[in-house]
Each structure stands twice: as C-alpha cells, then as structure tokens.
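Residue numbers (our numbering), protein chains in the order written: chain A, 536 to 854; chain B, 4 to 542.
Among these hints, one or two may not hold up.
Here's a subset of chain B near chain A, in silico, CB distances under 10 Å, partners left out [said to hold, decoys possible]:
#, residue
1, G60
2, Q221
3, V428
Residues on chain B that point at chain A, a partial pick, calculated with CB under 8 Å [as the list claims (entries may be wrong)]:
#, residue
4, G142
5, C202
6, S203
7, K252
8, V253
9, V254
10, P255
11, V259
12, G262
13, S263
14, Q265
15, Q268
16, Q427
The following label-pair restraints were derived from C-beta to C-beta distances [stated by the list, open to error]:
#, chain 1, residue 1, chain 2, residue 2, range
17, B, K389, A, V561, 32 to 40 Å
18, A, P566, B, K522, 45 to 53 Å
19, A, R698, B, E408, 28 to 36 Å
20, A, P566, B, G374, 30 to 38 Å
21, A, P770, B, L423, 43 to 51 Å
22, B, L423, A, G610, 37 to 45 Å
23, A, T628, B, A356, 53 to 61 Å
24, B, G117, A, T628, 43 to 51 Å
25, A, V561, B, L423, 23 to 31 Å
26, B, D136, A, T628, 27 to 35 Å
27, A, T664, B, K522, 54 to 62 Å
Please keep in mind that the hints were generated in silico from the structure rather than gathered at the bench. Glycine included, each C-beta is placed from N, C-alpha and C at the ideal position.
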Amino acid sequence: MRRYVIKRLAQAVGVLWAAYTVSFLVLDYLPGDPVTAMASAGMDSGQVDPQQIAALRHEYGFDKPVLVQYAEYLGRAVRGDFGDSVSTGRAVTSTLADALPQTLQLTGTALLLAVLLGGGLAVVATYTTQRWLRQLLLSLPPLGVSVPTFWVGLLLVELFSFRLHWFPAFGNDGLRGLVLPALTLAVPTGAQVAQVLAKSLLTALDQAYIETARAKGADRWRVHLRHALRNASLPALTVVGLLVGQLIAGSVVVETVFSRDGLGRVTAAAVTAQDIPLVQGVVVFGALIFVTTNLVVDLVYPLLDPRIVVASNGRAALA
Amino acid sequence: MIALPHVRTSRWAALTAVVTTSALLTACGSGGGDAGGGTGQPRSGGTLTFAVGSDSGCVDPQQVASNETIYSVRQIVDSLTDQDPKTGKIVPWLAKSWDVSPDATTFTFHLRSGVTFSDGSKLTAQVVKDNFDAVPKLGALGTLAEGYLSGVKSTTVVDPLTVKVTFSQPNAQFLQATSTHSLGIESSASVKKTPQQKCSDGVTGSGPFVLKQYVQNQSLTLARRTGYAWGSSLWSKKGEAYLDKLVFKVVPEAGVRAGSLQSGQVDAVASVGKANEAALKGGQVTLQRRANPGVVFGLGLNNSRPLFKDAKVRQAILHAIDRQQIADTVFPTGTRPATSVLAHTTPDYTDLASGLTFDASKAKSLLDAAGWKTGSDGIRAKGGQKLSLTIKWFPNAATNQPALELVQQQLKAVGVDVALKQLQVTQFAPTLQSGDYDAVWGNVTRADPDILRSSFSTELANFYHLPPSSLDTALSEQAATVDPAKRRQLVGEAQQLIVQNAYYAPVVELQTQLGVSKKVHDLDFDASSRLQLHDTWIG
Numbered sequence: 536m537r538r539y540v541i542k543r544l545a546q547a548v549g550v551l552w553a554a555y556t557v558s559f560l561v562l563d564y565l566p567g568d569p570v571t572a573m574a575s576a577g578m579d580s581g582q583v584d585p586q587q588i589a590a591l592r593h594e595y596g597f598d599k600p601v602l603v604q605y606a607e608y609l610g611r612a613v614r615g616d617f618g619d620s621v622s623t624g625r626a627v628t629s630t631l632a633d634a635l636p637q638t639l640q641l642t643g644t645a646l647l648l649a650v651l652l653g654g655g656l657a658v659v660a661t662y663t664t665q666r667w668l669r670q671l672l673l674s675l676p677p678l679g680v681s682v683p684t685f686w687v688g689l690l691l692v693e694l695f696s697f698r699l700h701w702f703p704a705f706g707n708d709g710l711r712g713l714v715l716p717a718l719t720l721a722v723p724t725g726a727q728v729a730q731v732l733a734k735s736l737l738t739a740l741d742q743a744y745i746e747t748a749r750a751k752g753a754d755r756w757r758v759h760l761r762h763a764l765r766n767a768s769l770p771a772l773t774v775v776g777l778l779v780g781q782l783i784a785g786s787v788v789v790e791t792v793f794s795r796d797g798l799g800r801v802t803a804a805a806v807t808a809q810d811i812p813l814v815q816g817v818v819v820f821g822a823l824i825f826v827t828t829n830l831v832v833d834l835v836y837p838l839l840d841p842r843i844v845v846a847s848n849g850r851a852a853l854a
Numbered sequence: 004m005i006a007l008p009h010v011r012t013s014r015w016a017a018l019t020a021v022v023t024t025s026a027l028l029t030a031c032g033s034g035g036g037d038a039g040g041g042t043g044q045p046r047s048g049g050t051l052t053f054a055v056g057s058d059s060g061c062v063d064p065q066q067v068a069s070n071e072t073i074y075s076v077r078q079i080v081d082s083l084t085d086q087d088p089k090t091g092k093i094v095p096w097l098a099k100s101w102d103v104s105p106d107a108t109t110f111t112f113h114l115r116s117g118v119t120f121s122d123g124s125k126l127t128a129q130v131v132k133d134n135f136d137a138v139p140k141l142g143a144l145g146t147l148a149e150g151y152l153s154g155v156k157s158t159t160v161v162d163p164l165t166v167k168v169t170f171s172q173p174n175a176q177f178l179q180a181t182s183t184h185s186l187g188i189e190s191s192a193s194v195k196k197t198p199q200q201k202c203s204d205g206v207t208g209s210g211p212f213v214l215k216q217y218v219q220n221q222s223l224t225l226a227r228r229t230g231y232a233w234g235s236s237l238w239s240k241k242g243e244a245y246l247d248k249l250v251f252k253v254v255p256e257a258g259v260r261a262g263s264l265q266s267g268q269v270d271a272v273a274s275v276g277k278a279n280e281a282a283l284k285g286g287q288v289t290l291q292r293r294a295n296p297g298v299v300f301g302l303g304l305n306n307s308r309p310l311f312k313d314a315k316v317r318q319a320i321l322h323a324i325d326r327q328q329i330a331d332t333v334f335p336t337g338t339r340p341a342t343s344v345l346a347h348t349t350p351d352y353t354d355l356a357s358g359l360t361f362d363a364s365k366a367k368s369l370l371d372a373a374g375w376k377t378g379s380d381g382i383r384a385k386g387g388q389k390l391s392l393t394i395k396w397f398p399n400a401a402t403n404q405p406a407l408e409l410v411q412q413q414l415k416a417v418g419v420d421v422a423l424k425q426l427q428v429t430q431f432a433p434t435l436q437s438g439d440y441d442a443v444w445g446n447v448t449r450a451d452p453d454i455l456r457s458s459f460s461t462e463l464a465n466f467y468h469l470p471p472s473s474l475d476t477a478l479s480e481q482a483a484t485v486d487p488a489k490r491r492q493l494v495g496e497a498q499q500l501i502v503q504n505a506y507y508a509p510v511v512e513l514q515t516q517l518g519v520s521k522k523v524h525d526l527d528f529d530a531s532s533r534l535q536l537h538d539t540w541i542g
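Pulled out of the complex, with its shape left as it was, chain A reads as follows (with noise of 0.2 Å):
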C-alpha cells in the first residue's frame, strides 16, 4: 500500500510538470506578451510608443531566450514562488488563494447537488417500473450533458432573479448568490452521474446474486439500495473523480455568467491578459486538485469494494 501511494504520488509529479511545461510553451507560441497586452489595454488602436515597449520588455525579462525564462519560472516554482502577476502586481500563490474559497464552495455544492440529484434520478429512474417513466427520466441526463451551460446559466437567472427576484443574479454573497450558479454547474456534472449509474444500476440488477437476495426475501427497495447500488456506484465513483476537472473548468464560464469572483475568473482574465506567471499557477493548481482527487478516488475503491485490494506491484486490481 505505502509503495503504492510513493508511486502515485511520484506520477503526480509527473503530470504537474507536464501541465506546466505544456502550458508555458503554449503560451510562449501565443503572438505578443504580456507587456504589449498591458501596454495596449485600453489604447482602444494599439498605439503605444514601440521603444516603451521594448524598454518595459526588458524590464520584465520577456527579452531573455525562451529556455532562460522557462528555467527561471520552473526554478522558482519548485520552490512554490510563482512570482507576481504581470497584470496586477499581486502574488500569484495570494491572487489563487484568495479566489479558491469562492470556487471550493461553488464546486463543492454543484458536486454535492450533481451526486444528489444526478444519483437520485438514477436510483428512482431504476427502481420505477412504470416504463414511461423510466424512459423519461432516463432521457434527461442526455439533455442535461448537451445543453451548454451558459444557456442554463442565463435561463435560471431569467427566471428566479429577473422575474421572481428570489435570488441575486449577480455576486458572491451568502448562500442565495450560491444557488443558481451551483445548480447551473450541477446540471452537467450530474448528468454524467446519472448516466454512468443508471447504466451500471441496471447491469448490477440483472446479476445472480440480485436473484439470490430477492429469492432470500429482501424488499425490493433494500436489494435496489443496499446490493445494487452499491456496486453500480463504482462506476459513478469514477467520473466523479474525473468530474472535479470538468466543474473547475465549468466554473469559467459558470463565474463569468453569475459575476461570482473565483479560480474561473482568474483564469479567464489571465489567459486574456497572457499574464504567463498567473496563468501558469493556475494550470499547475488545477492539476493539482484534478491529480489529488483522483488519487483520493482510487484509494477509496476498496472500501467499497472489499474484494479490491491494492496489489504489491502497485496496482489496484481485483483479487
């Protein structure tokens, strides 16, 4: 087990320095830099003083040779300094610490209320055996995944601020600013839950040992809940790691259509800017999340799952 985890934790490495090599050199091909994106904001015509702006890019260090600057920012980023934001000024790792509480409760809710609602539509949707409405709520994820967010986003505020005025439509204040754009976030994410669990609710309840639980004269409700469910939601555990990464990104589009500060935000403003160091910390901090969770998941499995042990070798396996 403790072999396991070093090796993990060593690929974890791994995918952080790659997330951070990618996304430098990305943004190193991106045409211009930060200093002439500064230097033009709100020059509405780009007209700045060519000179000024080889000085400032001087003084910034974007004159230097792409691998001199790349060494520069991953020396500093071992060291969790990932220098100031070219835009403001600010620290990078205090910009990322001030906007992840907003984001940790955005997401935290919407993948609370995905488990929740997404789950519960599949259990019901299993369990109903009205066929019409298992066929209707088994159509509903797929609407739910195809629908872009922002629609949703913008439909909800239509509805429960601009006409019942129940919450705000814009904000980070309280629990009423956290509703609508939780549920907007929510609607994909558990889409994606319900589909995976409907579909391995219903493999799970065609295997014998359903029979064998029905046979020895369990109600139906306690075979759909206590055996089916619970090994159908392995499956589901899965996405829900893979879905930390897919809420953090939706959060983009979720901050900016409900105003909320967060990570969302920060990184659209970044990337807009090409501010590099900010950019970077938030590729490096998104990874960061997306690998601890999925470690977190994998090491969950076989508490759900006795028969899963984590082999020697490294690997979770089915024994």
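Since the structure of chain A is provided, determine the placement of chain B on it from the hints.
Using the frame of chain A, we list chain B on its own:
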C-alpha cells in the same frame, strides 16, 4: 478586457437577446413605480449601484486605461483642470488659473489654496511636482499618462502654490492632458509607493469620493469625502457630492447587466450594446449616449503598400463605404456615421461630411480611372493582378466583426476583394509597428485634436506609413499653437488633408451607451465621455 472572453461575450449577448426578447418583453410593463422624469429637488444621501462589465485589476487612476475602471477610480482624484464637454474648453479645477508660454513649451499652474487629500495632507506645488516626476516611471500600465508627459524637461516649484512644467518641444496638448484622470493628482504618500502597490492598494486623492473597499473582479466601493470644497468649476453643486456611497459591481455578462438593471438590482449599467437595447427600452430605464472624442472607427490604410500609393484607390474606398448602413445595422442606436477623421465631440472637429459621402458610382469611376478593370468574377484587376486586400482586426469590441463584414460586402460591390483576418489584441501594437498589414480596423479615444499628430505625423511612430507631406507641418504647428482660433484652423486643415488624401478611411464614431434607472439624476458624461458623479443624486 480583451481576446477570449469578448468573443464569447458577443455570442452570449446574442443568446441573451433571444432569451430576453422572448421572456422579458412580456414582463416589461410590470416595472411599476412612479419615479417619472427629473422632477423634484436634488437631495443628498443614498447609494448608487453601478454594474460594469470588467475590472482592470488596478485602482490607480494614473495607471488605468479601461473606461469601465475609469468610471469609478476617476472619482478619487481631482485634476489641475477640467474640460467642458460642450465646448472642449479647459476650465479651472485644482488650478485656479494657468499661463502657457507662446511657444507652448512652458505651462505654469496657480493652485487653489485649502485643498487637502483624504489623508489630511495639503495640496502644494511640491505635491504636483512629485506626481509629474513619478509619472514617467509608472511602467507598462502608465502608457497614457507617460504619453501626455513625454518630452517633459522639468517640473519646478515656483512658490508653494505655483508649479511650472517645461517641455523640450512645443506640447499644446498638455493643457487638455491635465484635465484627464491619467494626470489626476495623488497625495505625496501615494506617489512614493511603487506602481504595483498603487494598483493593488489604491491611492489617496483629493477627489469627491474616497476608496473604501476594492475586491478584485467583484466590486469597488467609494464613500463621499466629507469637507470636500474644491470641485471643478463645471459642477453645479458646490461642496460635497450628493451621494453617500458609490458601489461598482463587476458583471461581465451584458444580458445579466441589462436584466439586473431592469429588475432593480442595480441603478445603472455600462456598455449597453445594440443587442440589449430592446430589453431596456420602456420601463424605468433611460439610455444615455455620447460619442467618444478622438479618431473615429475606420480603416487605417497602410499607405506604403503599392496598392494604396495610388490616391484614387484610397479615395475609391472612402466613397464605397456606406457609413449610415454600418452605423444603423451594427452599432447602438444613435451612433453617428463618421463626418471627419475626428468624432464630432472632439475639440476643433471640422464637419467634412461632403468629402465622406457614400457614392458607389464615384468609387467605380475612380477605380476605372486608376486602371483597375472589372473581371468576369466581378473583381477588378490590373496587369493580371487582382484588386484584393486584407483587413486585420482585433477582438476588442463586439461590433468589430459585423461592421467589417458589411465593409467587405460594400467594397465587393465596387469590385474590391476584401479578406478579413482576426488577430489577438496583443498583436495590435506589433502589427502597426511592423507595417505588416494592408489595412487595420480601430479607433482612438482622446479629447484633444493632438491625437491626429500621434496617429498621422510622419515624425512620430507613423503607424499608417504616410509619406512626409504638408500634413506634418499642420500637425506640428497645431502642437505649438496656443491661440485657440489659430489652432482650430490648423487642426481643421489637418483633418481636410487626411480626408482629401484618404490616408485613413473613417467609418463610424464610437458611442458610449449607459443604461440608467429613472430615479438617478444628473449622471453626466465628461469631455472624454466618461463619468462625473459629483452632481449625481437619487430621488
């Protein structure tokens, strides 16, 4: 405020339009209330909540160039002078009077006494000197302010309330520059901070409002400065501002801004595009508009390209563009087609509409005369070469693409083949400098006609690669002319030369459009089409 989100914003804006027109229009009548019109006496108190679309991440007026951030941070500082939006005239503010040397190289300001900053320190000539000495070192975000002070030789304290600024070359634009937010005066303590500190922590000014709280990408709160008694000579209320508080909320989505205003969650919104006008019409909202002064939206032609060395081709393009159609189809209601290279709100603007008529047959005959004959595919050619050009554009406004698609159609109608190429906003400056373009689409906001010199003089950056000509003389002479009538004449001459020679193809004026609740009164545009909120009241 640039590339990626803008593209999306426009798409979302279109979608919101669909959503809002279908759903909101039915709800329009239910606005209720009786706050009809500007009746009643102005009264003090209250909070104005203003939704803007973006946050530039910096709260130092000297370093902010984005309109939506200027709206708020402008209120923190006073300037030496103010500019009358109606006449363009420079009037007293912190300086009660000034003298300009006849060659426009030396500017002496006589400061008002009794002015204090919100940290209690006094406004003196030394503070002004500290400000102007620090501006050239502001760095990348300070390009506007640095430009206004470029060529400054020295700033000297003549006596405690008199300060003298000397330039190495004539610099008539400097007087107007002292009225801008970019040269707003900050306290000595603020000036000593690094540009980055000023950006993130804010600055201490002597303005009618004081920065209370700034949450990046979220909100900016200003509170009324008590004891304020040195307002601009243009303001109707003497002393302190009416409003207790100003709260600027950052709401990036245009449709959400419009809905928030309509549903009373905010009192005013910035950047209302054509797509959101329908949602805001009727009900309790007024749309306020003013054209931005400066160089209008248009095609900056690369005059060094062989194709554009022929004046007839450039003039043909000028006459092939149907400006009215573009203004009506793409831009917010009330947007004016260009009638000069300068917008009509720019001081010393000259109406040259007769030289900018849409006349397709004239364009065709000009091209015929230049030897470009129509081919079988409708595109003209000369010596086996097609008459085609590429317009490079940058996604810094949602109107750019639809406007250019119309230009493309209109030019095609006279036999000119146009390709559109979108670049990143960060490529704008490099593209202009390298000259690697046939034509670029853009505009520049500035409430002083000297913007013509920055844009068109061959002695400066010469972005449009003009050949040296008598235009240079007119432009450098206006920069050295203090006499208003004489300067007006020189600026008029320069506009005429640019339009006659078609160095630039003016298309439409940029118009700032705000949505304002009817309970808000006297929310006024300043000379640069930004906001003055000292006189604003709610009732």
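Status of each hint after checking the structure:
no.: 1; hint: G60; result: 4 Å, holds
no.: 2; hint: Q221; result: 5 Å, holds
no.: 3; hint: V428; result: 7 Å, holds
no.: 4; hint: G142; result: 6 Å, holds
no.: 5; hint: C202; result: 5 Å, holds
no.: 6; hint: S203; result: 5 Å, holds
no.: 7; hint: K252; result: 6 Å, holds
no.: 8; hint: V253; result: 6 Å, holds
no.: 9; hint: V254; result: 4 Å, holds
no.: 10; hint: P255; result: 5 Å, holds
no.: 11; hint: V259; result: 5 Å, holds
no.: 12; hint: G262; result: 4 Å, holds
no.: 13; hint: S263; result: 5 Å, holds
no.: 14; hint: Q265; result: 7 Å, holds
no.: 15; hint: Q268; result: 6 Å, holds
no.: 16; hint: Q427; result: 6 Å, holds
no.: 17; hint: B:K389 with A:V561: 32 to 40 Å; result: 36 Å, holds
no.: 18; hint: A:P566 with B:K522: 45 to 53 Å; result: 47 Å, holds
no.: 19; hint: A:R698 with B:E408: 28 to 36 Å; result: 35 Å, holds
no.: 20; hint: A:P566 with B:G374: 30 to 38 Å; result: 36 Å, holds
no.: 21; hint: A:P770 with B:L423: 43 to 51 Å; result: 48 Å, holds
no.: 22; hint: B:L423 with A:G610: 37 to 45 Å; result: 43 Å, holds
no.: 23; hint: A:T628 with B:A356: 53 to 61 Å; result: 56 Å, holds
no.: 24; hint: B:G117 with A:T628: 43 to 51 Å; result: 45 Å, holds
no.: 25; hint: A:V561 with B:L423: 23 to 31 Å; result: 25 Å, holds
no.: 26; hint: B:D136 with A:T628: 27 to 35 Å; result: 34 Å, holds
no.: 27; hint: A:T664 with B:K522: 54 to 62 Å; result: 58 Å, holds
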